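Participant: Next come the chains, spelled out residue by residue.
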Amino acid sequence: MLQLVIPSYKKFLPLLNNFISVSSEVFEIQEIKDKIELCAEEAFIYILKNSYREEQGDIEIKIEINETHFVLSFTDKGLPIDISFPKAAAYTIDTVDAEGLELLLIKKFSHKAEWINHGKEGREFKLYFELPQQAIYTLPLPEEEVDVDVSINDIEIKRFEKQWATEVSQIIYQAYGYSYPNEDLYFPDRIISLNKSGHLVSVVAYDTKRNRIAGHYALEREDLGSVAEIGQAVVSPKYRGLGLMKKIRLKTQEVGKTLGLEGIMSKPVTVHLFSQKTNETLGAVPVGMGFGVSPVKNFKKIEADSSQRGSCMYYFLPLKKRQRVLCVPPVHKQIIETIYTDLQLEYTFSTHTNSSRENGTVKSSYSPNFEVGSIFVSQIGKDNIRFIKEAFFDLVFRMKAKVVLLYITMEDLDVEPLIPEVTNENFFFSGILPSFIDGKDVMIYEFLPEDIDESKVEIYSDRAKALVAYISNEKRKVL
Amino acid sequence: MIEIQKEKDILIILSDRLDSMNADETKEIVMEALKDLQSDIILDVTNLTYISSAGLQVVLKCAKIAQESQKECFLKGAHGTVREIFQVSGFLTFLKEA
Chain A
1 MLQLVIPSYK KFLPLLNNFI SVSSEVFEIQ EIKDKIELCA EEAFIYILKN SYREEQGDIE
61 IKIEINETHF VLSFTDKGLP IDISFPKAAA YTIDTVDAEG LELLLIKKFS HKAEWINHGK
121 EGREFKLYFE LPQQAIYTLP LPEEEVDVDV SINDIEIKRF EKQWATEVSQ IIYQAYGYSY
181 PNEDLYFPDR IISLNKSGHL VSVVAYDTKR NRIAGHYALE REDLGSVAEI GQAVVSPKYR
241 GLGLMKKIRL KTQEVGKTLG LEGIMSKPVT VHLFSQKTNE TLGAVPVGMG FGVSPVKNFK
301 KIEADSSQRG SCMYYFLPLK KRQRVLCVPP VHKQIIETIY TDLQLEYTFS THTNSSRENG
361 TVKSSYSPNF EVGSIFVSQI GKDNIRFIKE AFFDLVFRMK AKVVLLYITM EDLDVEPLIP
421 EVTNENFFFS GILPSFIDGK DVMIYEFLPE DIDESKVEIY SDRAKALVAY ISNEKRKVL
Chain B
1 MIEIQKEKDI LIILSDRLDS MNADETKEIV MEALKDLQSD IILDVTNLTY ISSAGLQVVL
61 KCAKIAQESQ KECFLKGAHG TVREIFQVSG FLTFLKEA
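Taken in order, these protein sequences are the chains called A and B. Throughout the first sequence, residue numbering follows the working numbering, covering 1 to 479 in sequence. Throughout the second sequence, residue numbering follows the working numbering, covering 1 to 98 in sequence.
Okay, chain A solo, but in the shape it has when bound:
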């Protein structure tokens, strides 16, 4: 990571330009240097004008490069500012929004721009620029073979190797078209680099007779933490009906164990039962429900409801056991006990009530692909609610999040005083996730501005139905 701290004066702009210029050269990304330099100037000037106004302060500028993006961030501790992006460019001379030009150019020339509230540590404006790579849909697809007689005896389930990246992209593209929400899989180079860094752990079904990929599953480890999300499942149409999906998934779960993960989570959509059934059959336990958390409205060959956002069951498969001491609000103690009993994880409830500290830790982030905001309370403190409200305001009113998920640690101090405060803000209990933040178990609360028609939600098992009924009742209390 490269870092530069400069005072909030315009005369330091050339220093910023040099920083960008040298970094572009070092990272060999001159192809996109112009766009980065433009966005850097716009972000710097926007913060000077709006956050510091004529006041003095510092702006910390960081550059990181990962497998897919050049990431440029600006952190300041100035005044709260309006960070809503202009919706459209001018269409006549009289419709030019002169004040909004900086953010308009950032929106147009960066791949993604997000504001992250770090509470007392300031506010971060983070800009992502895609590294130049070739998407699979720009490459020709292989010719279709006719009358291929495939057999399960020819299939080996194994860890990903880089020479298969293009084929993995191709079968994802064939199965999902452009609709798969995680676009990384459309880029063979990204599949290779993400697997290299460990952020993606792919497992494939390999047809040894024809030397080609028949299916794919993966563990996603965005933060390389102790819980991975399993997904990105696809089986090439010619290989359907051989039970490959289950075999690849079992191997992927085994790989998760060898990586030392505490568990694997999964978020199957509720427009069909197949994925939920797979989860339950392979030992995963329903731990929550996310109403409207998925933007995906249409699925191939499934008659889905396209009038509303999708909902997901949350499943968790424990891979490791440890003792945990949980602080939970009495109102949800019974349902939480039921979930932990199903998970077969050992736990005790904390007896230290009324314990508290002044300052807690709250962070937030926004996922534009899903239009979902997340707020993470990793340390309980009396000031939690203030930072939750600030983050909530940013996510809903500025980033236009359709849903906000609030994760509250259960392995810290007494959470009880915080719960009425968050329910006052219309968050409702929607489940738990073991080991989710810094290896600690969390409760999930959800804010849903528009209710979901639950008649379209299909749930597979009786225990999942009971959990969804509980969460649905909690939802009704706040909506």
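Everything labelled a hint here was simulated from the structure, so no lab data went into it. Be aware that a few hints might be false.
As the list claims (entries may be wrong) - List of simulated lysine-lysine pairs, DSSO-like, C-alpha gap at most 27 Å:
1) A:Lys107 with B:Lys35
2) B:Lys64 with A:Lys108
3) A:Lys10 with B:Lys27
4) A:Lys108 with A:Lys11
5) B:Lys96 with B:Lys64
6) A:Lys107 with A:Lys11
7) A:Lys49 with B:Lys61
8) A:Lys196 with A:Lys247
9) A:Lys389 with A:Lys107
10) A:Lys11 with B:Lys27
11) B:Lys76 with A:Lys107
12) A:Lys49 with A:Lys120
13) A:Lys10 with A:Lys77
14) A:Lys108 with B:Lys76
15) B:Lys27 with A:Lys49
16) B:Lys96 with A:Lys108
What the hints assert, rightly or not - Per label pair, the in silico range of CB-to-CB distance:
17) A:Glu25 with B:Asp24: 25 to 31 Å
18) A:Asn359 with B:Val88: 41 to 47 Å
19) B:Gln67 with A:Ile6: 34 to 40 Å
20) B:Gln67 with A:Glu229: 52 to 58 Å
21) A:Leu15 with B:Met31: 28 to 34 Å
22) B:Thr46 with A:Val5: 36 to 42 Å
23) B:Thr46 with A:Arg386: 51 to 57 Å
24) A:Leu79 with B:Asp24: 22 to 28 Å
25) B:Gln67 with A:Ser455: 55 to 61 Å
26) B:Asp36 with A:Leu2: 47 to 53 Å
27) A:Gln56 with B:Gln67: 38 to 44 Å
28) B:Ser69 with A:Asp453: 57 to 63 Å
29) A:Arg386 with B:Val88: 35 to 41 Å
30) B:Ile29 with A:Thr95: 24 to 30 Å
Stated by the list, open to error - In silico negatives: residues of chain B with every beta carbon more than 10 Å from chain A:
31) Asp19
32) Glu28
33) Asp36
This structure is a prediction, so every number in the text was calculated from the model and none was measured. Heads up, the beta-carbon is just placed ideally off N, CA and C, and yes, glycines get one too.
For this one, chain A is given, so just place chain B on it according to the hints.
Facilitator: Just chain B, lined up with the frame of chain A:
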């Protein structure tokens, strides 16, 4: 850098960079040159390698002065990222390309 030639039309030649560091000074020069405007304006950006929103404000000022004087403001020689910036900001909807 800015150079102004007053002939049949007013030719404003912008070159190198037009950013937050030099936009205010450039704007003053332009406003002085466009006082009592009697002819069309041609903004020649053939040798302009970089423009930011601060630079766009200068261009917007030229276009507005032209509009108020019932004259035209033309853009000449925009290419590469500079042209893309004019395009995505919507400026090509009111600047005619010469």
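Participant: Each hint needs a verdict: does it hold in this structure or not?
Facilitator: Do the hints match the structure? See the list:
no., hint, in the structure
1, A:Lys107 with B:Lys35, "violated, 35 Å"
2, B:Lys64 with A:Lys108, "holds, 24 Å"
3, A:Lys10 with B:Lys27, "holds, 17 Å"
4, A:Lys108 with A:Lys11, "holds, 26 Å"
5, B:Lys96 with B:Lys64, "holds, 13 Å"
6, A:Lys107 with A:Lys11, "holds, 25 Å"
7, A:Lys49 with B:Lys61, "holds, 20 Å"
8, A:Lys196 with A:Lys247, "holds, 23 Å"
9, A:Lys389 with A:Lys107, "holds, 25 Å"
10, A:Lys11 with B:Lys27, "holds, 18 Å"
11, B:Lys76 with A:Lys107, "holds, 26 Å"
12, A:Lys49 with A:Lys120, "holds, 21 Å"
13, A:Lys10 with A:Lys77, "holds, 17 Å"
14, A:Lys108 with B:Lys76, "holds, 23 Å"
15, B:Lys27 with A:Lys49, "holds, 19 Å"
16, B:Lys96 with A:Lys108, "holds, 22 Å"
17, A:Glu25 with B:Asp24: 25 to 31 Å, "holds, 30 Å"
18, A:Asn359 with B:Val88: 41 to 47 Å, "holds, 43 Å"
19, B:Gln67 with A:Ile6: 34 to 40 Å, "holds, 38 Å"
20, B:Gln67 with A:Glu229: 52 to 58 Å, "holds, 55 Å"
21, A:Leu15 with B:Met31: 28 to 34 Å, "holds, 29 Å"
22, B:Thr46 with A:Val5: 36 to 42 Å, "holds, 38 Å"
23, B:Thr46 with A:Arg386: 51 to 57 Å, "holds, 54 Å"
24, A:Leu79 with B:Asp24: 22 to 28 Å, "holds, 23 Å"
25, B:Gln67 with A:Ser455: 55 to 61 Å, "holds, 56 Å"
26, B:Asp36 with A:Leu2: 47 to 53 Å, "holds, 51 Å"
27, A:Gln56 with B:Gln67: 38 to 44 Å, "holds, 39 Å"
28, B:Ser69 with A:Asp453: 57 to 63 Å, "holds, 58 Å"
29, A:Arg386 with B:Val88: 35 to 41 Å, "holds, 38 Å"
30, B:Ile29 with A:Thr95: 24 to 30 Å, "holds, 27 Å"
31, Asp19, "violated, 6 Å"
32, Glu28, "holds, 16 Å"
33, Asp36, "holds, 21 Å"
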